[in-house]
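S.K.: Spelled out, the chains give:
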Amino acid sequence: MIIQKQQKAIYRTFGILSLVAVVWVTWNLHVSGNTPAVCLFRHVTGIPCPSCGMTHSIMAIFQFQFNEALQQNILGFAAVLLLIIVPPLLLVDYILNKTYFISVYNWGENQIKKRLFISVPLTLVVVVNWMVLIFRS
Amino acid sequence: MDAQKVDMYLMANGKFFEGAAIPMIRENLLKADESKFVTLQTLNLKDPTTILIVSVLAGSMGIDRFLIGDTGLGIGKLLTCGGLGIWAIVDWFMIQGRTKEVNMQKLNMIFI
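Chains as they are written, first to last, in the working numbering: chain A, 1 to 137; chain B, 1 to 112.
Keep in mind the hints are simulated off the structure, nothing from the lab.
Incorrect hints may appear among the rest.
[Stated by the list, open to error] Here are the simulated distance ranges between beta carbons:
#1 B/K106 - A/V104: 20 to 28 Å
#2 B/Q105 - A/N28: 36 to 44 Å
#3 B/T50 - A/L29: 38 to 46 Å
#4 A/V127 - B/I22: 23 to 31 Å
[To be verified] Cross-link-like lysine to aspartate or glutamate pairs, in silico, EDC-like; alpha carbons within 16 Å at most:
#5 B/K15 - B/E34
#6 A/K5 - B/E27
#7 A/K8 - B/E101
#8 B/K46 - B/E101
#9 A/K8 - A/D93
#10 B/K31 - B/E101
[Said to hold, decoys possible] Some chain B residues judged to face chain A by a derived CB distance under 10 Å, without partners named:
#11 A20
#12 L52
#13 G76
#14 T80
#15 C81
#16 G85
#17 W87
#18 A88
Glycine included, each C-beta is placed from N, C-alpha and C at the ideal position.
One chain only, chain A, in its complex shape (with noise of 0.2 Å):
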């Protein structure tokens, strides 16, 4: 009962996610021009999060400036590749009632927790990201 509530809850939190996503994405697409800083913590502490520039990141990879992307933030390539899989798979499982979604989760997850070649490098990454991000401002 407890399994059944949680994976609700990952489609109802993926779902809200990935709604977000693809409507912030499409209207700064055709909105160019200054993005607003939303990030509630850059607002709070002064220095920018993990995650700080990802939407002028993914901008760049969507006109196909991968150097710029780089620059900007490199979680925005994860971020592009979670942007492709997870709303189709999301939406499939909506129309046909099926739970192809929550397989792809466990299996991602259990990969990441399990092997370390996989979580340490990542955590490096984005550690060294944020350094990086922190430095630059």
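Here the structure of chain A is known, so what remains is to put chain B in place on it, guided by the hints.
M.R.: What follows is chain B alone, placed relative to chain A:
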């Protein structure tokens, strides 16, 4: 399992679980084999209060979710800057309950 042992365990570790689940846990532990006690002692339970403190301080980076083992949700939280701050604030109120759920799942693994 011996009733005295079970009661001692629940007195020391009751804060890790939902209050409403304690009678059920007690019943299950009393029915369980004596050999399960060592496994029970070695369970890596997370303190909901510690997780709440982590959530308040570093919730927008998803550290709280990573700590309780929700790696996927942690990555989601990290990449979205704590769901633009909204998810991070919602988690201040939800994370203790989720931590207790995770602890309950770990405990249930003993009875399988």
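S.K.: State for each hint whether it applies.
M.R.: Each hint, compared with the structure:
no.	hint	in the structure
1	B/K106 - A/V104: 20 to 28 Å	holds, 24 Å
2	B/Q105 - A/N28: 36 to 44 Å	holds, 39 Å
3	B/T50 - A/L29: 38 to 46 Å	holds, 42 Å
4	A/V127 - B/I22: 23 to 31 Å	violated, 40 Å
5	B/K15 - B/E34	violated, 23 Å
6	A/K5 - B/E27	violated, 24 Å
7	A/K8 - B/E101	holds, 14 Å
8	B/K46 - B/E101	holds, 10 Å
9	A/K8 - A/D93	holds, 12 Å
10	B/K31 - B/E101	violated, 21 Å
11	A20	violated, 13 Å
12	L52	violated, 18 Å
13	G76	holds, 6 Å
14	T80	holds, 6 Å
15	C81	holds, 5 Å
16	G85	holds, 3 Å
17	W87	holds, 8 Å
18	A88	holds, 7 Å
Hint compliance for this structure: hints 4, 5, 6, 10, 11, 12 are broken, all remaining hints hold.
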